[in-house]
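Asks: Each chain is listed here by its residues.
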Amino acid sequence: MKRIVFFCSALLIAMHTGWADADADFTAANEAVAAGDFSRAVELYETILQDAQSANTYYNLGNAYYARGEYGQAILQYARSLVLDPGNPDTLANLRLAREAAQAEAPERVWSERFAQSLGVNTWTWLAVVAFWGAFGLVLLPPVYGWRSPLRPLLLVACIITLLAGGLGLFGYHQLSREGIVTASDTPLQVAPTANSPAASFLQAGQAADILSVHGNFARIATPSGDEGWVSLDRFGPIWRR
Amino acid sequence: MKLILTCFFLFALASQLVGKEVTVSSAFNPQQVFANETASLQISVETVHGNTGFFGSSGSDIEFESMPAIQGLEVHYQGPMRRTSITNGHAVSSVVFQFAARAAEPGSYTLPAFTIKVDGRTEQVPEATLEVMEQGTTTDTDGDEARIGWMDIVFPREHIYAYESIPFQVRLYLREDQNGRRMQDFPAKEGDGFTVSPFSSPVMRMANIDGVNYYVMIWQAVLTPLKAGENKLEFTYDMLLVDRNARRSTGISDPFFNSLFGGSMMVHQGNTRQLSFTTGEDTLDILELPTEGKPGTFSGAIGAFASSGISVDPKTAQVGEPVELEFTFAGEGNFQYMDAPALAATDGWRLRGTDKDFEPADRYEYRGKMTYRYILSAESDEVTETPGITFSYFDPKTESYVTDEIAPVPIAITPAPPGMRRTAADEHSPQADQRGLIGLRDTPGRWVGSMQPIFTSPLFLGAQVIPLTALLCLFFTRRHQNRLLTDKQYARVRASRRALKVWLEKANAASGRQDAVAFYAAAQRAVQESLGHLVEQEPASLSADEIERLLGQHGADAESLALTRDFLNAGDALKFGGLFQGGLDLKREQQQLESLCNANLKLS
Chain A
0 MKRIVFFCSA LLIAMHTGWA DADADFTAAN EAVAAGDFSR AVELYETILQ
50 DAQSANTYYN LGNAYYARGE YGQAILQYAR SLVLDPGNPD TLANLRLARE
100 AAQAEAPERV WSERFAQSLG VNTWTWLAVV AFWGAFGLVL LPPVYGWRSP
150 LRPLLLVACI ITLLAGGLGL FGYHQLSREG IVTASDTPLQ VAPTANSPAA
200 SFLQAGQAAD ILSVHGNFAR IATPSGDEGW VSLDRFGPIW RR
Chain B
0 MKLILTCFFL FALASQLVGK EVTVSSAFNP QQVFANETAS LQISVETVHG
50 NTGFFGSSGS DIEFESMPAI QGLEVHYQGP MRRTSITNGH AVSSVVFQFA
100 ARAAEPGSYT LPAFTIKVDG RTEQVPEATL EVMEQGTTTD TDGDEARIGW
150 MDIVFPREHI YAYESIPFQV RLYLREDQNG RRMQDFPAKE GDGFTVSPFS
200 SPVMRMANID GVNYYVMIWQ AVLTPLKAGE NKLEFTYDML LVDRNARRST
250 GISDPFFNSL FGGSMMVHQG NTRQLSFTTG EDTLDILELP TEGKPGTFSG
300 AIGAFASSGI SVDPKTAQVG EPVELEFTFA GEGNFQYMDA PALAATDGWR
350 LRGTDKDFEP ADRYEYRGKM TYRYILSAES DEVTETPGIT FSYFDPKTES
400 YVTDEIAPVP IAITPAPPGM RRTAADEHSP QADQRGLIGL RDTPGRWVGS
450 MQPIFTSPLF LGAQVIPLTA LLCLFFTRRH QNRLLTDKQY ARVRASRRAL
500 KVWLEKANAA SGRQDAVAFY AAAQRAVQES LGHLVEQEPA SLSADEIERL
550 LGQHGADAES LALTRDFLNA GDALKFGGLF QGGLDLKREQ QQLESLCNAN
600 LKLS
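Protein chains in written order, with numbering that gives the first Met the number 0: chain A, 0 to 241; chain B, 0 to 603.
To be clear, the hints were calculated from the coordinates, so they are not data collected in a lab. For every residue, glycine included, the Cβ atom is placed at its ideal position computed from N, Cα and C. There are no misleading hints in this set.
Now the in silico label distances, taken between C-beta atoms and shown as ranges: (1) B:T315 with A:G225: 44 to 54 angstroms; (2) B:E358 with A:D22: 45 to 55 angstroms; (3) B:T327 with A:G225: 38 to 48 angstroms; (4) A:P223 with B:V464: 40 to 50 angstroms.
In isolation and in its complexed conformation, chain B is listed as follows:
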């Protein structure tokens, strides 16, 4: 793209004094950028004046006639920057003409030499070259001083042991002229074989490496290798890079980078790109702890520790009563990967269990105070002090094992009550040799036929019928009683049925005896009771006429009416009418009576 510039400056700062010396230079900054990334082209004109007074110095008239266009490179004039100084009695004035340059395609772009006029004299502007790389081809150009940034891991020493907790740093370097915008809070770990504590908040520094200024973002954490041998470790971090020249485009700002990555940064969404930084796969040779000099009481502690106290509670106890021996130490190391220090001289004591409590002094749980509690019980009233503690740990700085002997604590042990004393069998049990194992039980306890839950037993499930039946009986009995009290019709029906049953049984008995008089007397009462649910009066007071009228009113058929009439009249006929008993079939009469009564009961 062609660009023709016409320049416009007249500086009138004084002086037509003798001997002006003019220096013209040009340069791209940086000299290497990615495609679509903007570089700055600076053309500097520096003039040295001969007089000594500040007010005696003056500026220069500089005239750009034209600047050659560069194919494929887009150049925009941004403005001048002026400066005047006095050095060793000479006034030096300089003007820097700034341009923004950007190319869409990778390649080498050279601004050819051209001329300008300074105070009427022709001066040569030297050529300058800008290297444009393909976008996103690399993020880590080792050995290239102009690279944008990189990440690395810093350990305090070379030798790292398995299960040692060691602080380390992840550092991200970003070239000063880059505007970074973070996409994540912390670097992400790749690869197993290590655990990493939470990272610290990043700390910012400036560093000059091979003459180039870099922002350095430093995270700290604690690393613990989980196995010996060669293990790969890598951290990655994603970042957005923003075109500085787009800073005035929009108002999005990042307070984090405002203060630390180049002042107020304005983000232009169209001029950002994502970069993934990585530390690369570092292979760490994790060492096994040395076996030489390793004490038998070593319980996995690696670091530097100092014992800070031992105590026992209570200070007086009975045989068999649990007491708590508390041992505290502080320092820095792998608190999360150690076991309780060993007890020394446990004769007369039984270890029932241990507990621990860690108070971290930092977010990495690398420094802090660890308290171990040993639950002990004395096996004899002859002991006068608790077991001591042998705390062995490995100091990775001196690469040697350290053993601290913690003195026992005096304690008064009294005999246990008679019922709680241990038996001779207990004393000689091989279980006493099992460190901390609680001994056998003398009795088998409650026997059960099966471990299966009781609800799987058919007997148990079948037994649920009992409460169900009981509750239903209670419910229906009470409901029946309530109905008898409140429902007269229901009460009459129930009463007449009960009475009918009695009279039918009597009639049946009479028919069995062939006692026709008694049978018909009972039959008359049965007929009356079978209609008792239809009237409010006592059924026994129903006359024959009333019975016939009732039957007629409630739709009884003619056959029932005739049969009823026969039963009611038969008794009288026997007594007073001379009915011959011998011709009666009382069994058949009984059947007819039952049929009639059942039919009457259905009347409503």
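Here chain A stands alone, though its shape is the one from the complex:
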């Protein structure tokens, strides 16, 4: 038991120390933005995000890319920020501006995706898990405890509805999790995952596409218009960072 407590404490201290460093880098990156050194700011934000991630860091990184005129990258970072902080109005406003600047259209969302985006993925997860165990307990325990309150079926229905909603939200996020953003203009959509492969067409910065598979440094994607092909991951970023 002591060992477990020690291990957990050490882990928490290590995490806290790492995040304290991230806090310092974050402040430095903001100062670089204030000084107009956007390249330095981008470098610092990217360094932070290697180890720790936060919605605000992605948001500020998006602003730094926007200031550098890299609208595809800005759209990608705003989209990542929204994964951690869904529905943030400032992020949505900046994302809209970045899309306008990149002349990129917002991807069409099916209803399950729009429903999912009303809450964060972890919120949906907790809702689903709590509802599942609640429903399990409400089925398992009342017969042996002799609980015959009319509240029980109501609670059970509420748990089942919450479980279904959570499942739907997670399904929506499952669909969204395949999405990525083209970060550079005139990105070739190649017919094979090799550098010398011919391009079937070209994609514009900020365009969204679904990732079908990944092979080395190439991702096979499908655009909303139905085109499929390979793009280099140097010019295309998945929204859900591994």
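Place chain B on chain A using the hints.
Replies: Just chain B now, with coordinates in the frame of chain A:
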């Protein structure tokens, strides 16, 4: 096919007056038809009488002796049509003998001249020719006045600009003598490079072109070219043509064409054919908007517009609080392809976003009222008015840019509460130069180790064992308690096992101490408890005889019986019979006791 006609007319309208003048003519109408299409052959006899009174005029006796047959042309007599009129004091009577003529094969069919008798006099019927074309070879015979129909596109002017929305018409001309039955509601567009609004319902007109009457069906819509340069545009329309002479055959009617294409039209299914009309591939030279004089505030609007109002809500706000500046204009143009007009003099303001609302005044969304809403927030309490709006658009009629300056609206801005004031760093942030971009966040917020959902974490999945275990513990504990209360046998088994465990431990302890008296006393109790599940009485009250009887009743073997008897008697033998303790192997006895008790527990 030969046709011999015998005619039958006697007209008795009066008059054997002086000087009858007779004119005979013949003609096919139309003179050109498709194979299997029916034409009308009309032989007209017109007689001018000399007297002036209507009642003084009379008809003529006309006699057909025969009409020559025409090889390959099927001719059916349909009946006469008579008419009498008085012109300049002369009574004119005419009789038109009508025939239906139809040929199955293309070619030129000529009715040769022949004679008839009018009031006993021989008159010559002149020859007439019918041209029969191969069916379906053409639908658009440019330059041929007798063509059945055609389609064309009509634009209000020649110059069309990219992304300009312009009304246009598609017109379908159909010769008057044709019975058309529509197969589709609207013309279909071919070719990309344009968007077309929904079409209007067709409007019908009559037109006379080169002496031929045509029905004209006119559709209107709005066209928007999506790129400059030469773009091809074509519309097609399919129609069924119905043989007029089959109109009495069946009762199918089309209300649409009843009123507009030749009155009541009866359709004979066997005498219809499909025609595809097309406007042909028109190549339109779409112009780029002129760069000369193009204002920097041009936001893509092309048309004619008039500003109708600007307002702000609320009229009093705090620094940083969003306010809505609403700008409305109306007119006609490309409402779907324009961006929000530019704000003028945005110092002290931050644009947070725009929204728009369009109220179309027609089905084409060409005319209407557009409202743009700018979400602004003041950055300082020194501003006293909203930004103005510079609305620039291109007027394609005058081919020039027009710029409307919309005056700012007064507004009262108060300082924000202390906690919400912007920092100096915010004021000097380069982000302030980014038009409308909301600035940096000062704190990193909550850090997470990964963006991946929590349900992918093994720790999270493993932790699900906790609620599962807790719920199962609650379930089984409660179920056990319930069974103890309701199942006496179960309760006895549980109680005897618990007691047996205690006595076996005591026996074990006694054997460790080599205390034979204590061991056998504990062994006796253990044997009693091992049989406690078989009786309702307290196991401690079981006598040796009862124990032996129980074992016998429940099928215990002889060895168990003997062993039981030994354990029960050994204690007494030690106490009262002088059994020598030194010769006892209590460890072995303990093992035998445990085996015996386990065997007893299995009895049922």
